[in-house]
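**Q** Sequence:
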Amino acid sequence: MKVRTRFAPSPTGYLHVGGIRTALFAWLVARQNSGQFVLRLEDTDKKREVAGAEAHIEESLKSLGLAYDEGPDIGGQFGPYRQSERLNRYKKWAEKLIETGRAYADPYSPGQVQTFREQAQKDKKPYLYRDHRPSSPAKWDGKTALRFKSEPQAYNWHDEVMGDLSTGPEVIDDFILIKSDGYPTYNFGHVIDDAEMEISHVIRGQEFIASMPNYLNLYEALGIETPVLATVPHILAPEGNKKLSKRDGAKDVLEYVREGYLPDALVNFIASMGWNDGTEQEIFSRDELVDKFKLDHVQRSGARFDERRLEWMNGHYIRSLPLDDLSKKATSFWPAAAKGASQEYKTEVLKLVQERLKLLAELPQLTGFFFEEPFAGSVKDLLANPVDKQLKKLSGPDILKMLEAAHNKLADSDFSQNDIAGRLNDLLAELNTKPGILFAAVRIAISGSPASPQLFGTLSVLGKDKSLMRLQRAISLLSQNA
RNA sequence: GGCGCCAUCGUCUAGCGGUUAGGACACCGGGUUCUCAUCCCGGCAACCGGGGUUCGAUUCCCCGUGGCGUCACCA
553 MKVRTRFAPS PTGYLHVGGI RTALFAWLVA RQNSGQFVLR LEDTDKKREV AGAEAHIEES
613 LKSLGLAYDE GPDIGGQFGP YRQSERLNRY KKWAEKLIET GRAYADPYSP GQVQTFREQA
673 QKDKKPYLYR DHRPSSPAKW DGKTALRFKS EPQAYNWHDE VMGDLSTGPE VIDDFILIKS
733 DGYPTYNFGH VIDDAEMEIS HVIRGQEFIA SMPNYLNLYE ALGIETPVLA TVPHILAPEG
793 NKKLSKRDGA KDVLEYVREG YLPDALVNFI ASMGWNDGTE QEIFSRDELV DKFKLDHVQR
853 SGARFDERRL EWMNGHYIRS LPLDDLSKKA TSFWPAAAKG ASQEYKTEVL KLVQERLKLL
913 AELPQLTGFF FEEPFAGSVK DLLANPVDKQ LKKLSGPDIL KMLEAAHNKL ADSDFSQNDI
973 AGRLNDLLAE LNTKPGILFA AVRIAISGSP ASPQLFGTLS VLGKDKSLMR LQRAISLLSQ
1033 NA
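Residues in the first sequence are numbered consecutively from 553, following our numbering.
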């Protein structure tokens, strides 16, 4: 079978992790079968449409590396890929249904339908439109809604994720095919488009599972072969049991990219929410995912979104990246002060912080002192009133003496990492002090922080001039204090 | 409420009749004789409840409970 999958969002806003996962699964199925992945825009609700949403969706998919083979912005042989541009097609199929007696003009206004619904509720009976089906409907003039004339029956069908499903005839009803504004409903539009675009696998969220029987009924009326169906469960918000939504603060996936989450990490993480290959493997490269992903291994229950796990995974990906690659990806994340710095210098700095980086967006806070002097107040405060356990035991003058000694010791160093290490270790013996004390003081003088990358490397990369200047500066800050 | 789906550590999950119920995140200890981080080692922690079926149920069946979805001229 020729495999063609699609992602069919409506342009009503940005894509969040939940939405992108459906796209990812569809993309994976297409790729692993050497098929096509199609982006189709379901823009049939003009009221809900958001300007710029289409471009945003396209950018989101591309920035995660989920390239589509056909879509609104790139075309393809089954275009157009915006439903609003396919109205004539829906009409053609609708007319076919009218001819075969399977569609009719809805004589009621929305208000009247609402009354039926309320009455049923009052009577504690399930509401079915078909109980009010007109006996001799007028000819459809395109100005009212067009309804599907259903033929209620029980269905058993297979869902790649959910397994074998079944329902009785009571869930089948006459739904609207074409709205009075001329646009198709989702229920009609997607069925037509999937057929015309030769989509083999329909992969979508579980909110559609309840309307499957109606689609099955429609496929039959249309004489269209039912595609492979796969319903994936929702991703739940971090708190509560609600599905992840924009209301609950679900972030735009592009926001994650902006914060410095790597696309591969994001993809790995999103795939692993609700899918695994049955082993204990946690990290999957994109190729492995394409190779191993199986719809029938997708979890049937919802998965909760845990950003801490995503953070861990991103750190893992950052650490395993070759320095050159990381360097390229980090380009836009450097602090403002790094503007004039050379690429070589930045790469050296990056090498020092790579293992402690969880997000690229942490780069400024982790590396700022490599590009500008640390805040004098912090240096002074941390030296005068140390938080460090070891440093705390010393008096101000002791620390001052230590820094002076370090400055003198390093004054004629060549500032290679080895030479610095040798000299500072010598000094340790000379001063009869512990690394935890001497190095902590130097570290603060240099970085303005009690934590930094390993000290000798940091000094070496920072260079002789700056290092000595900062030691000197710390010395004068401390003596002012005394 | 009707209909449907789902149910293993706090979280993501492995398990497809017999396991000391495994891994990962998070958390808590310890180690890597410079901090933080990394890395390594260790610890804490789960089969929703009740009935069956079976020599034996986390696993199969039924009921209950709970969660979710849906019942639009939204998708």
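Each hint should be verified, as a subset may be incorrect.
[What the hints assert, rightly or not] In silico DSSO-like cross-links for lysine-lysine, where the CA-CA straight-line distance does not exceed 27 Å: (1) 944 x 932; (2) 614 x 953; (3) 891 x 880; (4) 648 x 731; (5) 953 x 1016; (6) 910 x 953; (7) 691 x 648; (8) 898 x 910.
[Stated by the list, open to error] Cβ-Cβ distance ranges computed for the label pairs, FRET-style: (9) 621 x 718: 54 to 64 Å; (10) 660 x 600: 30 to 40 Å; (11) 600 x 683: 35 to 45 Å.
Treat the hints as calculated values from the structure; they're not laboratory data. Even glycine gets a Cβ: it sits at the ideal position worked out from N, Cα and C.
**Q** All hints, please: hold or fail.
**A** Status of the hints after comparison with the structure:
The suggested pairing of residue 944 with residue 932 holds, with an alpha-carbon distance near 14 Å, which does not exceed 27 Å. Proximity of residue 614 to residue 953 is assessed by CA-CA distance (about 57 Å); at most 27 Å being required, the pair is judged violated. Of the pairs offered as hints, the one joining residue 891 and residue 880 holds, with about 15 Å between alpha carbons and a cut-off of 27 Å not exceeded. Our distance criterion of 27 Å between C-alpha atoms is met by residue 648 and residue 731, whose separation comes to about 17 Å.
Our distance criterion of 27 Å between C-alpha atoms is met by residue 953 and residue 1016, whose separation comes to about 20 Å. Between residue 910 and residue 953 the CA atoms are separated by roughly 37 Å; this puts the pair beyond 27 Å, and the hint is violated. Annotation: proposed proximity of residue 691 to residue 648 holds, straight-line Cα distance about 14 Å (limit 27 Å). At roughly 18 Å between alpha-carbon atoms, residue 898 and residue 910 fall within 27 Å of each other, so this suggested pair holds.
For residue 621 and residue 718, the Cβ-Cβ distance of about 35 Å falls outside the hinted range of 54 to 64 Å, so the restraint is violated. The supplied range of 30 to 40 Å is broken by residue 660 and residue 600, whose beta-carbon atoms lie about 23 Å from each other. Range check, residue 600 to residue 683: Cβ separation about 30 Å, and the 35 to 45 Å hint is violated.
Violated hints, listed in ascending order, are 2, 6, 9, 10 and 11; each of the other numbered hints is respected by the structure.
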